[in-house]
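From first to last, the protein sequence lines stand for chains A and B. If you're matching positions, the first sequence starts at 1 in my numbering and goes up one per residue. If you're matching positions, the second sequence starts at 1001 in my numbering and goes up one per residue.
Because the hints were derived from the structure by calculation, they are not lab data. The structure presented is a predicted model; accordingly, all values stated were derived computationally and were not measured. Idealized CB from N, CA, C, for every residue including glycine. Be careful, since some hints might not be right.
Said to hold, decoys possible - Just some of the chain B residues that point at chain A, by a computed CB distance under 8 Å:
| # | residue |
| --- | --- |
| 1 | Thr-1008 |
| 2 | Ile-1039 |
| 3 | Thr-1040 |
| 4 | Phe-1044 |
| 5 | Lys-1063 |
| 6 | Glu-1078 |
| 7 | Met-1088 |
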Amino acid sequence: MFKFGEILETLKMIQEENLDIRTITLGVSLLDCVDSSIAKTCENIKQKIREKGQYLVETAKKLEVKYGIPIVNARVAVTPVSLLAGGFTETETIKIGYALEEIAQEIGVNFIGGFSALVHKGFTKGDINVLNTIPRVLAETERVCASINVATTRAGINMDGINFSARIIKETAERTSEKDGLGCAKIVVFANAPEDNPFMAGAFHGVGEADYVVNVGVSGPGVVKRVVEKFPGADLEELANEIKKTAFKITRVGELVGKEAAKMLGVKFGIVDLSLAPTPAMGDSVAEIIEAMGLEYCGAPGTTAALMMLTDAVKKGGAMASSMVGGLSGAFIPVSEDMGMVRAVEVGALSIEKLEAMTAVCSVGLDMIAIPGETPVSTIAGIIADEISIGVINGKTTAVRIIPVPGKKAGEYVEFGGLLGRTVIMDVNRFSSEKFVMRGGRIPAPIQSLKN
Amino acid sequence: MQEKALITVIGEDRVGIIAKVATLLAEANVNILDISQTITGGLFTMIMMVDITHCNLEFEALKKSLSDLGEQLNLKIEIQHENIFRAMHRI
C-alpha cells in the first residue's frame, strides 16, 4: 500500500501543478513508400501512417482515463521528406506535404513533423525540393511542421544552408502575413537535430529508427516550480537534489505511459524526452522556476547559472528514472509559450542575447521569438549562425524558431493562439551581418580536444 | 493477473460517504482491499485500494459512475490505476 502523502502528492501534481504528458508521438518510417508515381507515393505514405496511426488518439484517450493524467497531444513524426523527394519535381514534392496534412486530419493528430531536410554538409535534389516548397506547404497546411538541420558537430556548419533557411523563414512569414507570420512557428532550424525528438515543430523520424516507434514528452514546469517554492531557505545543493527527485517522478510517469502506449499500438517504445516544456497556462513556466530560485526576473544576472542547475538536475533525476531517455531532454525556453518569459521581456530583463547565452546550458535554442518584420534576411541568418555555433562547439542540440512578424515593430504585441501563446516583439541588434553571412560555404567541424 | 486501482475521495465530511462508495463498488463487483481515511480541518480524505480484475464495468464507465456519485455528494472522487503510483513512488 502507498502512503497517504504519496497518493496526495501525485494527485496534486496532476490537478494543481499542471503535470501532464505533453505528447505521445508516433514515429513512422516512410522509406519504403517511394514509388515512381507521386500519386502512388502519397497513397503509400498515407497507408503506412494510417496502419498504426489510426489508433493513436484512441490509445491516448484510454491511457488518460486509466491513469487520470492529461495527455495533451498525440502527434506523428515521419522520415525527413527530403529523403523521399529526390526523384520528384517541386510541384510533386508539395503533394507529399498535402498528403501529410490529409492523413494528420484523418487520424486526428494536431501536428505531423518531418517536412524536413538534412543539409548540414550539402544539398541533394530532394533537399532543394523540400527547402523550396517549405513556405508554400506551411502556408497552405495547418498541421505539417518543417525542420532543417544545418549543422552537426561532426560535419561543421553549412552557412549556405543557414542563408537558405533565413530566406525560407522570411518567405514563410510573408506568405502567412495575415496570421502575423504564424507559419514560422512550424519551422525549426537545427544543429545536431535529434532523430527521436517527440516535440513539435522539430520532430522527425530518423533513418536509424525502426518502421514505427512511440516517443513520449512529459511536462512539468509547474511541479518543479512548486518544489522550488517549498524550499525557500534551501541552499543550491539541497535545491538541486529536490529538483532531481521530482524529475524522477515526472519521468517515471512518462515512461509508464509511453511503454503502455507502444504496447497497445503494437510497436516499439523509443524514448522519454525529459524536457520541461512550458505552456501559456498560469504557473506552467520555466521562467517562473528561475524566478522562484531567487532571481527578480528571468534574465537577471545569475539566470544562466540557475538554468544550468535546473537542466542538469532534471537530466540526473530523469536518467535515473528511465534507461531510455532521448530527444531534446532539458528545459525549453520558448518566449511566447511561457508567460514568465514574456513578462521578463516586457520589463526589459530578457533580451535575445541573454536567451542565446541561456541556450548554451539548456536543451534547445532561440524558441518562439517574435522579431520585427523588417529584420533583414542576413540578420536572421546571423542570429541562426550564432545559435547553431553554440550547439556545434558544445556537441549538443540547438535550434532556432523565430518569427519575423510582417508589418510589426519591436514593442508591439502578437497573438499566435493556443499553446503558441502571445508575446511582445523583441528588439534585434541593428548592425549588419551581411558581409559575413554572404561569404557562404562551410564553417569546418570543430576540434574535439583542447576543450577550453 | 490482479489489476488494482486507487480511489481517492476528497471533500466535506458527512454521514454515509464510505457506505455509498462501497455500495457502488459492490454493484460493480469491485473488491475493496484496503481503506484509509483522515479528516483535517473538516476536509474528509479517503483512499481505497481496490481490485478491479473482475469489475463488470469498463474502467471508463466505473470512473464515470464514481465521479457522478461524487457530484451528488459534493465530493471529488477519482480512480486511477495503481501503476502510476508505483511508477512515481517506488524505485
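Going through the hints against the structure:
1. Thr-1008: 6 Å, holds
2. Ile-1039: This interface hint is violated because 12 Å lies over the 8 Å limit.
3. Thr-1040: It is violated, given that the least Cβ distance between Thr-1040(B) and chain A is near 10 Å, above 8 Å.
4. Phe-1044: Constraint on Phe-1044(B) not satisfied, violated at 13 Å.
5. Lys-1063: 6 Å, holds
6. Glu-1078: Status holds, d = 6 Å.
7. Met-1088: At about 4 Å, which falls below the 8 Å cut-off, the nearest Cβ of chain A leaves the hint on Met-1088(B) intact, so it holds.
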